[in-house]
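Trainee: So you can see what is in the structure, the chains are spelled out below.
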Amino acid sequence: MLGDLDFSPLLDSWRYLAGGLGITLGLSALTVVSSLLLGAAVGFARVYGPVWVSRVLTFYIDSMRAIPVLVVLVWMYFAFPLVAGVSLPSFWAAWAALTLHVAAYVAEILRAGIKSIRPGQVRAALALGMSGVQVVGKVVLPQAVIRMLPALGSIVSVAIKDSAIAATIAVPEYMERSQTLAGQSFRPVEVFTTAMVVYFVILFPATRAVDMLYRRVAHLGRS
Amino acid sequence: MNEAVVLDYRDVRKNFGSFVALNGVSIRVHKGEVVCLIGPSGSGKSTLLRCTNGLEKLDGGEISLDGVVLPRSETGMRDVRRRMGMVFQSFELFPHRTVIANVMMGPVTVLRLSRDEARQRAEVLLEKVGLSEKAESHPASLSGGQQQRVAIARALAMQPEVMLFDEPTSALDPETVGEVLNVMKRLADEGMTMVVVTHEMSFARRVANRVVLFERGAIVEEGPPAQIFDAPTVARTRDFLGHLGWHG
Ligand SMILES: Nc1ncnc2c1ncn2[C@@H]1O[C@H](COP(=O)(O)OP(=O)(O)OP(=O)(O)O)[C@@H](O)[C@H]1O
Ligand SMILES: [Mg+2]
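Taken in sequence, the protein lines are chains A and B.
Under numbering that gives the first Met the number 0, the residue at position 100 of the first sequence is numbered 99, and the numbers go up by one with no gaps.
Under numbering that gives the first Met the number 0, the residue at position 145 of the second sequence is numbered 144, and the numbers go up by one with no gaps.
Just so you know, the hints here were simulated from the structure itself, not pulled from any lab data.
Given the structure is predicted, the values throughout are model-derived calculations rather than measurements.
Hints are supplied without guarantee of correctness; some may be wrong.
[Claimed, not checked] In silico SDA-like pairs for lysine to any residue, Cα to Cα no more than 25 Å straight-line:
| id | chain 1 | residue 1 | chain 2 | residue 2 |
| --- | --- | --- | --- | --- |
| 1 | B | LYS56 | A | LYS160 |
| 2 | A | LYS137 | A | PRO118 |
| 3 | B | LYS30 | B | VAL19 |
| 4 | A | LYS114 | B | THR46 |
| 5 | B | LYS133 | A | ALA217 |
| 6 | A | LYS114 | B | THR97 |
| 7 | B | LYS133 | A | LEU9 |
| 8 | A | LYS160 | A | LEU16 |
| 9 | A | LYS137 | B | GLU2 |
| 10 | A | LYS160 | A | TYR47 |
| 11 | A | LYS137 | B | ASP78 |
| 12 | A | LYS114 | B | GLN119 |
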């Protein structure tokens, strides 16, 4: 059985797959950037905003944690155009769904990070005469971000891994192209094993790097 | 005491819900005076210090600094806070900044000094607390006593008119208590006005001009250390000191 392995279809179609990988990485990178921005805004508003804003945002975060990202994606692609009257190209529908989903986790990570800074640090900063914005920007946030590093690192891998579900709405990313190739070449073992290796090779060093960075700076976030 | 009144507490009241933390406290702190606040845990000493620089809002009475009643607004309090230095039991140095950056923080962000000026000021103060060689270290690598001396330097960098200390040595290993008390003693000798919450009775006795005993949010007795420690006029004072193992 294993002697029958034939990777030549992969080699023949490497440009096709590489193009898919490019789309995967592009979609993930956009998702990471937009969910960090949206998640930061949501997290800040939840911690420092008025109560009603905080309630609304808590509801959004809880929903995103309760609904599978696949459902959000399918809704965004098939239902949103009917509700809103604008249809999104599949790539942007995937980007919007992933962003909505991942940003909720970013917001939650940020909130936990901010809450983990003990009140004495804020008191000390206020006692120096700092404004609220200065206290957050110069004392709370730098420490919170250091503490958040491991969790934020995992957000990057979640974004890359979750981007694979964009295949279900035919975004021509790496997983979608792997499926196509596997179907055409009748070589699913080779094609999908390669897919696992490719995701692993991208993500393993990335998670390691974040861990190492964190170990080097962790002491700066301890108060 | 002919010196000007720096801090004037008049019938200060503070509640947490239905709990009365400060029940009408009046104290006058004159320029250059060292006032030590002593008393059992939960008696309201920290609360009084926090009310002084607006970290807690008063529920009654008022506090004046240099004859001007403290504002109630947050922005108004910010200007007042730069004129008071505060030192906490748990140091509260900023762990993501070096020692010298901690000391420069107030002058740079609040007083808008240039980095060069702030650095010069910080170097002088680190020298003063005996920690010049730790300037580029991070707080986590310092002993408790060293951290607290940095915290004092950080507060002094704002050139405050009065220093508030909330049990500055309670979190320290016994062997490092002395170095912090020495810095405080020197500060007092230089004429700094200080309000010190402390359980260090020998410090209160040596350095304080006046000792105030608190209980349940009210003053039990106040007077010069000789009176409080050797000839208390209130029986409760004798009990409290007896509990601490102080016998004259
Ligand atoms: N934010 C708060 N909310 C509710 N209760 C509080 C709060 N801060 C202080 N208290 C209560 O007020 C009382 C006085 O507290 P405070 O910290 O001023 O006492 P203290 O004299 O400094 O005691 P200690 O020697 O233990 O530091 C305590 O019973 C405390 O539980
Ligand atoms: Mg206290």
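Trainee: Holds or violated: LYS160/A and TYR47/A, Cα atoms, limit 25 Å.
Mentor: violated, 32 Å
Trainee: If you draw a straight line from the CA of LYS114/A to the CA of THR97/B, is it 25 Å or shorter?
Mentor: holds, 23 Å
Trainee: Is the hinted pair LYS56/B and LYS160/A satisfied, with a Cα-Cα distance of at most 25 Å?
Mentor: Violated, at roughly 50 Å.
Trainee: If you draw a straight line from the CA of LYS114/A to the CA of GLN119/B, is it 25 Å or shorter?
Mentor: violated, 35 Å
Trainee: Between LYS133/B and LEU9/A, does the CA-CA distance stay at or below 25 Å?
Mentor: Since the Cα atoms of LYS133/B and LEU9/A sit roughly 60 Å apart, the hinted pair is violated (cutoff 25 Å).
Trainee: LYS137/A and GLU2/B were given as a pair; does the straight-line alpha-carbon distance stay at or below 25 Å?
Mentor: violated, 39 Å
Trainee: Given the hinted pair LYS160/A and LEU16/A, is their Cα-Cα distance within 25 Å?
Mentor: Satisfied, since the Cα-Cα distance of roughly 17 Å is no more than 25 Å.
Trainee: When you check the alpha-carbon spacing of LYS137/A and ASP78/B, does it fall within 25 Å?
Mentor: holds, 19 Å
Trainee: Mind checking the alpha carbons of LYS137/A and PRO118/A for me, to see if they're no more than 25 Å apart?
Mentor: holds, 15 Å
Trainee: Take the C-alpha atoms of LYS30/B and VAL19/B, compute the straight-line distance between them, and say whether it is at most 25 Å.
Mentor: violated, 30 Å
Trainee: So if I understand the rule, the pair passes when the alpha-carbon distance is 25 Å or less; does LYS133/B with ALA217/A pass?
Mentor: Between LYS133/B and ALA217/A the Cα gap is close to 20 Å, so the pair holds against 25 Å.
Trainee: Assess, step by step, whether the Cα of LYS114/A is no farther than 25 Å from the Cα of THR46/B, and give holds or violated.
Mentor: holds, 23 Å
The earlier numbered hints that this structure contradicts are 1, 3, 7, 9, 10 and 12.
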